[in-house]
Structure formats: C-alpha cells, structure tokens
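Whenever a hint applies, use it, and build me the whole structure from the sequences.
Residue numbers (my numbering), protein chains in the order written: chain D, 1 to 737; chain C, 1 to 737.
No wet-lab data here; the hints were simulated from the structure. Predicted model, so just to flag it, every value in this text is computed and none were measured. All residues carry an ideal CB built from backbone N, CA and C; glycine is no exception. What you were told as hints is all true, and nothing was included just to trick you.
Residues of chain C placed beyond 12 angstroms of chain D at every Cβ, according to the derived structure:
no., residue
1, Ser30
2, Ser69
3, Phe78
4, Thr101
5, Pro122
6, Leu160
7, Ile172
8, Gly250
9, Leu377
10, Lys385
11, Phe619
12, Lys644
Per label pair, the in silico range of CB-to-CB distance:
no., chain 1, residue 1, chain 2, residue 2, range
13, D, Glu125, C, Pro294, 25 to 31 angstroms
14, C, Gly199, D, Glu168, 51 to 57 angstroms
15, D, Glu222, C, Pro122, 30 to 36 angstroms
16, D, Ser609, C, Gly199, 54 to 60 angstroms
17, D, Thr120, C, Pro138, 44 to 50 angstroms
18, D, Pro676, C, Pro283, 56 to 62 angstroms
Protein chains: 2
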Amino acid sequence: MKRLYIALLAVTFIFFSYSSHAQSSVMGFSETAAKTQLDLESEFDTQIVKANLDDWMKYMSARPHHVGSPYDKKVVDFIAEKFKAWGYDVRVEKFDVLFPTPKIRLLEMTAPTKYKASLTEPAIEGDESSTQLDEALPGYNAFSIDGDVTADLVFVNYGLPADYEELERRGIDVKGKIVIAKYQGSWRGIKPKVAAEKGAIGCIMYSDPKDDGYAKGDVYPEGPYKNEYGVQRGAVMDLPYQPGDPLTPGYGATDDAKRIAIEDVTSMTKIPVLPISYHDALPLLKALKGAVAPSDWYGALPITYHIGPGPAKVHLKLEFNWDLKPAYDVIATLKGSTYPDEWVIRGNHHDAWVHGANDPISGLVAMMEEARAVSELVKKGFQPKRTMMYCAWGAEEPGLLGSTEWVETHAEELKEKAVAYINTDGTGAGFLGAGGSHTLEKFFNQITHVVEDPQLGVSVFDRRNAVELANGRPAWSHYKLGALGSGSDYSPFFQHLGIASFNMGFGGESSGGEYHTMYDSYKLYTRFKDPGFIYGGTLVKVAGRTSLRLANAEILPFEFQHFTKIVSGYLDEVIKLSSDLRKKADMKNTLVDNNVFNLVNNPKDNLKSPEAEEVVPYFNFAPLENAMRGLKRASNKFAKSSSKGLTSSKNNIAVNAILKDMERELTREHGLPKRPWYRHHIYAPGFYTGYGVKTLPGVREALEQKEFEEVKRQVVILENVLIGFTAKIEEATRLLN
Amino acid sequence: MKRLYIALLAVTFIFFSYSSHAQSSVMGFSETAAKTQLDLESEFDTQIVKANLDDWMKYMSARPHHVGSPYDKKVVDFIAEKFKAWGYDVRVEKFDVLFPTPKIRLLEMTAPTKYKASLTEPAIEGDESSTQLDEALPGYNAFSIDGDVTADLVFVNYGLPADYEELERRGIDVKGKIVIAKYQGSWRGIKPKVAAEKGAIGCIMYSDPKDDGYAKGDVYPEGPYKNEYGVQRGAVMDLPYQPGDPLTPGYGATDDAKRIAIEDVTSMTKIPVLPISYHDALPLLKALKGAVAPSDWYGALPITYHIGPGPAKVHLKLEFNWDLKPAYDVIATLKGSTYPDEWVIRGNHHDAWVHGANDPISGLVAMMEEARAVSELVKKGFQPKRTMMYCAWGAEEPGLLGSTEWVETHAEELKEKAVAYINTDGTGAGFLGAGGSHTLEKFFNQITHVVEDPQLGVSVFDRRNAVELANGRPAWSHYKLGALGSGSDYSPFFQHLGIASFNMGFGGESSGGEYHTMYDSYKLYTRFKDPGFIYGGTLVKVAGRTSLRLANAEILPFEFQHFTKIVSGYLDEVIKLSSDLRKKADMKNTLVDNNVFNLVNNPKDNLKSPEAEEVVPYFNFAPLENAMRGLKRASNKFAKSSSKGLTSSKNNIAVNAILKDMERELTREHGLPKRPWYRHHIYAPGFYTGYGVKTLPGVREALEQKEFEEVKRQVVILENVLIGFTAKIEEATRLLN
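This is the structure we're talking about:
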C-alpha cells in the first residue's frame, strides 16, 4: 500500500492538517495523557482471549432464549454473574412488556388447488440446536394482530409504495385481498403498513431465494445461505413511529406504570401478517395468474412471476397470546474516578428470536470480553475518569423494548449524565462497518488507524479503504461513519434523547441467511461467520478503545468540522431532491399531456397511462444555507481554539459540560412530524424505509411525501436547530480562548 | 403529442432546416416527381392484403424446410411460381454448399451421478407442427466438428474473454475440460471459439431461463417464451472471420468451382459443440461443485451456480454428415425503364432451422406482398426507373451461404450496378427497428414520418420516438439508423462489396423464445408475435417505399451530413476508448502494485490478485481528426449544392454514377486485419461479439485487443479511406455546380 498511501496522506493533511499527529496523538488527550492511554490500550489488547467469545457463545446460544423464555433468564443470570465476578456493580432491571407469541398459525391455499403451508423449519443433520423445536418460537411476526381472513392473493413485489403505483397502472386493486410480498427492500414492518393503507386484509412475507437463498450461495447446511425452509421472524410494530413497549408509550414499563389497553395501541399492524419460507411461497406464487410481473419484480424461483389477483385464494388465520413478559436489562457499572456522573454507556442485547448465535450473541460476547479485559486493567490499578456502564438489553427483538423502557425510565438522569452510547449487535468477519454521530467521526477515525485487521497486517481503516479503491472510488481521507437509522438499541439513546452514539461491527465476508431463523446457531456461526472469532477479537479492540478513550479523555473528543461537512452534504442532497422531484413531476406531466405512455405501451397490455401529478413548488432553502454558513464558521473557530490545548482545569470542566450536551441540541421535544418520540432533527429511521436512515428527516420526508406546507415548517425548525447548535459551539469556543 | 412536437420540430429545423419540406418533399425527387411518387405510394398501400401474409406463412411454415430438405424445395418452387405469376423475370440459382447435419448426438453425465440428456423437444398439444419430428433437424450447431470427448465440466458464464479472466483469478483452467456456457451475451459462435483458444476440448451451450425462459414470461404453449425443452439451433462457423460456403471461400460455389478439402476449412470450430435445453442443463449444473459463481453469472435455475471443474464429468459425442446440399436463390427481376443497369435489390431468406414461421417467413411474406403490390402497380402502367430485384435466399441459417455465394459469383456485376440492398428477416409487432448505411439515414427518416403505426394513429417515427421520451432521453431529431453488424443476408452486400444497405423490421412487442427451435411455428406466430399480421402489413409499407423511392429517384438520395456526424461520433468513441483503456490499465496497475486486491478479497477465497497489465500508449489520432474536418466541410458543401436542384440531365447521370459507388469508397480490397473478406472500414461484425457491430473496426478492435502497432497501421488506412471518400464527395459537388 506504499505508493497509494503517499497520495492519501497528502489529502488527509490538506483537510485535517491541524490535528494529524499520527499515532502518538489521541484526540481529547494531552501529549502525556495520550502516552499513558496508548500504554493502557496495549495492555488491554494483551488481555483479550478469543476462546472466551467461543465458550460464552456456546453456552448462551445452546437453547432458544427469546423474551420470557426459561433460557433467557439463564442467559441473564450468566451475564450478571460474569460481570459480578469481574468486579462490576451489577443491577438487573426488569420491565414487564407486551410480547405476543403465536397460538394459532394457519396458512392454506383453498383454490385453484389445495396447499397447506408447513410453516416449519426441519432439523438439520449435524446441527443439534435445530432439533430443539419444543422451546423455540416458530416463524411469526410479533405485533401482527389476530385475524382470520380468506381472499384472492396478489403478489406485490417488495410491497412498497412504488410497487402499488405499478399495480395501479395495471388496474389492480388490493382492496379486500391478501398480499404476498418479498422480504427485503425495506424494513419488514413497512410492508403490512403500506398493504393496510391500500386496503389489503392480510399480508404474507417470504424470503425469495434471489435476495436470500440459493441465488446468494450454498444453502444451509452446505453453506450459510437460507435453505428453502428458513423463515425470518421479526417484529412488525410500527417502529419508525415509536419503538418500545406498546402499552407504555414514551415512559418506562415499570411495575407501577399505567398501561394502556391493547385496543388503544397504535403501533400494532392493522392486518394479520405471517412470514413464510420460499418452500411455502412457491406453490402460492405458482398458482397466481393475471398480469406477468415487471421484470425487476422477479425473484429466483423457477416460475414466471404473476401478479394475480387469484386464482390463488388463501386462508390466513392467526391468533396470539397477548401476555406481559419480563424484559431483563443487566446493567454493570464501573465508577469513574474524576467524573463519576459522566457516563460512557456500552450495550448489546441478549434476547434472540431462537438461538441467536449471530444475532445478538456474537456482539454480546465481544462486549463481555471487552468488560472482562477492562476489569483486568482495574486489577492492575486502572480506574476510568468517567463511569463506564456495560448493558445487556432484554427484549430487543420485538422492538427495542428493554433498552427503550430503560432509557424512558432513566431519561432525566441520562440527559444529564450520558456522554455517549456505544452499541453492537451481531458481528462477523471482514470489514469494519460503523455508523454514528459525526461529531465523533474524527475521534473514531484515529481508532480505525491503530487497530490491525487480524488477517492482513494492515489497519482496519486500510482494509476498509481498499474497498473504495478496488471499486474505482477515491481513497477515503478518513474513516467515514454511516448515518444511523434504526434496528438496534441505539435508537432510544440517540434519536429519542439525543445522546451521541455509535453502532459498529465487522462484516462483508460472513454473509448468510440465518438471520432470525432456527438456523442462527453456534454451529453455523463457527463454521461460516467468524471461525476462530478472529474478527470478534478485533471488534473488542475497536469498541474497547472507543469506550476507554471516551472514559479517559481530558477534553471530550467532540469536534464539529466533520459534522458540518456531512450535514452540509445532507442539505445539498435535500435541495437537489426538491429540484429532482420537480423535474421528474414536470417531465412526467409533459409525457402524460403528450400521450407518450400510450404510444410506448403495447395496446394489448391495457396499461393505463399514469395520471399527471402535483407539481413541486420552489422552496426557500436560504435560511438553511445561511445557518450552515454560520455553523461552518463556528466549527472552524472551535477547531482553531481547541488545537491550542487547555490550561485551566476549571475551563476543561466547563467545556466538557457543553460538549457532553451538544447532541441534545440537535433534538426538539416536539419531535418529528407524525412521530413525536423521534426527536433528533438530523437523523431518523425512514417513515417508509424502517431501518434505513433519513437525514434531515423533517424536511426530507415532507418533500418525499409531497407535503409541501410541512416542508416550509420543517425548514424553520431545522434552521432553529442549526442556529442553536452553532451558538453552543461559540459558547465552547469562548471558554477555550 | 402536440406540445412536445413543437419543441421537437424546433430542434429539427435547427439541424436540418435546409431540407425539411414536410410531407410533399421526397429526397431525390423534384417537386413534380415527388407528387407522382407520393400518389404511387398511396396506390401501393391500397394494394396490400394482409391475408396474403397469413396464407403464405401458413403454407411455407407447414413443414420443416431447412437447407436441402424436400419441403425447402417446395417453398422455393412456391416462391418462384408466385413471382412468375406476378410478372417478374424469375431465375432460381442453385449453389451446392457444405451443410453438415447430425448423425450422432450424445451427451451424458458419467459422474458423480448418471444423466443422459434427452436432446429432444416434445410435441406441444395444440401445435400440430411440433409433432413433425421426422422431417425436422434436431438441436445441433452447424459446423461443429465431429468429436468424442469425456472430461470434467466447467461453467464459464457466457464464455466470453472477460469470463475467462474471472476464472483465471480463481485459478481455474479449462484446459482439457468441457465447458458449459449460457447462450446470449454474444453471437453463439464466439463461445466455442474462445473456449478452444483457452484449451477446452468440448463446449455445451444452453438457454438459461433468466435470459430466455420463464424469467422472461409465460413459456410455450401458455406464452411465447422458451419452455424447458426448447433448444436454440444455429451455426457456429467463424462468421466474423468469413461467412458463406466453407469449401469455396471468397468465390461462388458454382458447379465448376474448385472446392477445398474439408480438412483445410478454417472457419469450422476447433472443438465439438452442442446446444441443449435448460431441462438438460439443470442436472449438469446442479452437479457442479467448486467455487460459487460470481453473482452476475447467475441464471434463473433454482440452484446455487458453481463453476467446477467437476465433480460433474460429461461425455459428449458428435458425428455429422458432411454433405453438399443445394442452396436455392430465387431472383425475381423487374427491369428499370431509365436505368436498367442500376439495381435496387431487396432480399429475405427462405430456409429455416425448422418451420421458421418467424425466422425467416414473417419477413419473407412481407417482401412477397411488397413485390405483389408493385406488380399491381405495373399492371396499372407503372415502370420503375431502375431495375428492382426481389431475392429469396437459401441457406442463410448455416452462415449466409445462399446470399454470400450469389454475391461472390456476381461480384463484379454487383459492384458495377447495385445501388442499394434492402434486407428483412424475421419481424413482429411494436416499434420500427432499422439499421443501415448512414448516407441513407436522412432518406429513410422521411419514410418513417409518412408511414403510420397500424394501431395508434401516429407515424412509426412518432411511436419509436416515444420510447426515447418515456425513458427520459431527448426526442429524436430524426429516425436514427443503427449500425449494421452481421446475422443476416446484408453482410455480403454491405461489408464484402460495399453496397449501401438496410436491415429492418418491427419488434419490441413480440418477444419470445421460439428462435431456432421446434416451436417457431405458425401457431406461435399468429398467437403471440403479430396476430392479424398488422405490423407485417406496415413493414410492407416501409420497405416498399424504400425500394420504390430508390428505384424512382431522379438523383439518388444519398447525402453525407448524417454520415459525417455519425462517423465523427464513432471517432470520438474510439479516442475515448483509448483513453479509457489507458486509465483503466493504469488504475488497475496502481491497485495491483499497492496490494489492494489482496486487501479486499476474503483470504479464505484464495482469489489471486490480477497481474499488472500492459500500459496503453498515447496514439496520434490527429490524421483522423483532420480527415474528419475535411469530410465535414465537403459534406456541407455537397448539401448546399444539392439543395439548389439540378438542371442538366447529363449531370444527373454523372452525379448518380458517383453516388451509386460512394459506399464502395469505404472498402479496401485488403479488408480488415485477420479477416480480408470483410472490406468495409466503417462497419463490421465484432471479432469477439459476432453479430454485434464494431464501427471503425480496424482501429477499434486493434485497441480492444491491445495490438498497438496494428492501431497505428489502421489509423493510416482509415485516414486514407476518409480522404478518398471526401474526394468523391467533392467530385460530385463540382458536378452539381
């Protein structure tokens, strides 16, 4: 990598010349403190024992351990005992949360031929855990309503709004019908949400082998990909609206909390939903007739995909136990020496859909090994400046329930004390992937340069950067954090309370189809995902440094130039989006007015020309551009001032107090339109993508959903957010000078 | 289309304002003559009887009629009698050509399990012609050599050079192996050619359902797409090297022609080749292990595609009858009144792989109806100025044998007399597709504006243009002719002799999988391809106008501004290609030098880093750019002069004499590198694409194949061609003034 690196470093120096002190500098640390910190990290590395990850995964994934199951309690006890043994102060907090489990699951085709879906995942020879059917939850979607419906079937591709536009052009209405949608293309909960909006009375989801099966690679047990029987379980509560216990929306599900009636829950689906395997989907799809699906709707089943409706008619009957179940959060604390009331929080959930070797145990064991290695440092006399907390969350799978209830319960204290939240979940082999607050991107970049890839003798940054180069893209000047959407326990910290967060893991060489199936087993993980836990060990180094540096920093390592550059990019995107949408609508309307659609279509296909659509007005984005200019100036001044270093420890404390709260400045109590629980105005999960992030969500989604008055309101709110954030930076800068 | 048309016409006027006299002007005709011509064309239209197309297709596709079959002779007699009845002077010219037919076809898997390929296309209920197995040629590739080979199987995607680079990176060598390649991605003959170059000892080709089967739509008989048993027959002689009878290369296969020995034939494959159905391919592909194929190699079979080699081992045994068979060309002539020695030649082949309802009969019946309608005009007193010839070619399917032998036999006379050649082959419903000499693009554009789409009440130009608009591309200022590669009977006229040519037909709403299978039947055609022959009738109008206008023009309607613009674009492409290849090689070498490939690859996959490749030098393209500037100036002057009109009929004759021979100026006797038969230096079929065109082929292919000394030689040749062409234009311009 020599030749390339010369060019790369040159670029880095141009942009970041004021701070690149190579390996010996650590953001937030004086030169002397950095030395001590780097020694500490070397010592930390030597403590890591990869065999622990293996042993603990073997134990914790030995039996199904979903929310409320006997083995989940055993896992909780195991974790708590470990942390106690390592000297942590351990509490187990219990929240009783609504967790529906299936009572009746019936799916049958009643016409034109009969077929009863098996809805089972057979045992795999050589993988003992797949035989434990008694304790396992079968394939289902948590928070589907009960239902008993019979209707003609319609294939709706991924079941997203654009797919229904295609149906409309073909004159196909799903009203009163049952839809079958492929998994993927969005978070699963979007599919029944949109189907219900369109009038469907039931929704079936299946994993098509093109996206998740033999077209990806060899299927289990020959390879890690989804075999014909694998079923992806998963929650379908309206997560982009609000996660957490549906009976205690916005507040903790403590013993004495007031619970609303199930009938009043708004985040449940409106129609019954069931996930099935491609083995069960094939006979249904094969029986469909009517229009042939557009070519980009095709999966990899050996059929011509038809849309229907019918003649396939299906009967879907679902009943659930609507019980409260205990969600246990294990909270292990190591008190800080200097700032005990500043918390660095590290978390990973422990509940699984079945055995969950990958999801969540692979991340959990890395976190536990990190905590154990830290405890070894403590034995040698180390004490972090700030309080370090290791949290193993319960009930993440049905909708981030354990973390959300904990955050809602301790919201005021967290807003006061939390410095940052570092999340992991499943992890594997390959390249470092990380998302998070861009105020910490520069900080995190340093870590990616000092941790080595366990196979190739280069830094994890270099390895990740090689992906860019190999794809003909320019070299990364620094490690680029993704923007966080949702799908794991950072959401309540980050998007609800405004606590700077990370989510990280390794991947890219550990793909498979085990996600939320019976086959996410120890056997599969150790054969295919990260044999020898070599990348698991590297994750301990990356996440451990993130925790330890945040815990020990003299000045919290937030800065604002990276953030400003990123958000400025988001603003450019949004402005371009408005112009693209305008051009697209104008172009489409011109084509409609001029009959072009009728001229290109085959008259015998009877495709309707789309209708002319609402034109997109021009918006005043100047307030945002002006606010961005102010932010940029303030960020540059802060960088200049902070590069001088501090002298007075009194000012240190005052600056840290401001920095700690900066992410909160990006939130507003009133939250986002239609979903007040989501308070962050820079990052949110997409209302129609689910896990996928929408940045500057207020403005962006109002544009996408063509709510033009809302665009104007959100511009004002975002301007206000940026101006407030800028003022805080200026305040910190004054203290630095 | 109103609003859009205002904008479109504005554009048209800017570029072509000197000639747009709307409907009443006809290129090559004075105002008075144009009026007569347009009246003639109206009368021509009224003569067209679509039922004739139906009746004749029913008769000619009733039985298999491949080269040398009893029914092909009946078809020839039928055509000849029709033309005679219509008053044409008819000759049937017979050439005895090498046409191998299968004696033994055996394909079996011998390990790890046994499977014997069925190699049959079962009868389809309701399609009587599919039961005629006795007379039909089964699935085979003509001009495969005999062979009896057994070896491990390797899946090679489409079997193109880039696919072998992927294999090489995986350390997979096909030497001594049998390869299985998907059809498509190139002309079929390329696959065994490349496989043999790489050392394979046998080649199997199959139609994957992703490209040609259920993933395209409902399969026959439910729909027109390829069912699991359909097998694409076809020639695999080295067509991009030279078409025609292999025993008489470059000269006519007349009775007294000297025939070379079969052993000396160079255009035969080097290894045995057999085409199979996806039904027969599935067990073989399923049995392959080894590396999983790259995701873009995947087809739509319900398997994980592996590359091998093995453990699937196959035995392929092929033996052919190496017989001479008669190829009959029916030549029907209508003598010209004013210029009997100037020939406008119209052609379509009559031989089929089996019944050939679509290929070639759908085009043939349109040509016959055109000839019949012209004969009705003759009955009413019309006589064309130039001689019109209607030709029904034999033995096109095995490699353009009938047309090539005829052209080679009559080469000197054709170079003297041929004005243009107009080809059709299969045709269907939808949009007009046409390729040809760009010196006739402006001429053809006028025709596309006056012939109406038979369903939508707009011109065929407007309908084709709607495709551009609907795809967000700018409106066409004029009908754009494609560049001709190969694959039908225009090749000997166009690329061997330099006779200005067209190839045209309708398509886009008549896709299917019947091509070269047992199922290209009357039944399939009339159900799915062009029910009621409504687009067949429209093709008569378009091709008929092309013939009639060329036959009657006062000044031949060639011009050079369109040509110049197009060729100038080709030159830009070639210059960009050299720069892209240079950048790509430099980029790749940088990545190789810096170990990037090893950093992005999963170490456990054992993917080799590609090797550094030869750098691409800078070339002197200035001679071509200077020549283009000269051509542009000359073309503009010619346009200016010709727009004034002519006065002296003596000059008319002199100008026509030059124009008639213009396309010949683009050829050179020495032909292209490695393939002297191909003499055209602007258009050729690609050496590694087959049917696909390569424009400026000498320079472009030398670049692509990294033969850098050849690039320099070809630049000189092309410069010379362009300068010679320019000089002829200047000569014509002088005569006009």
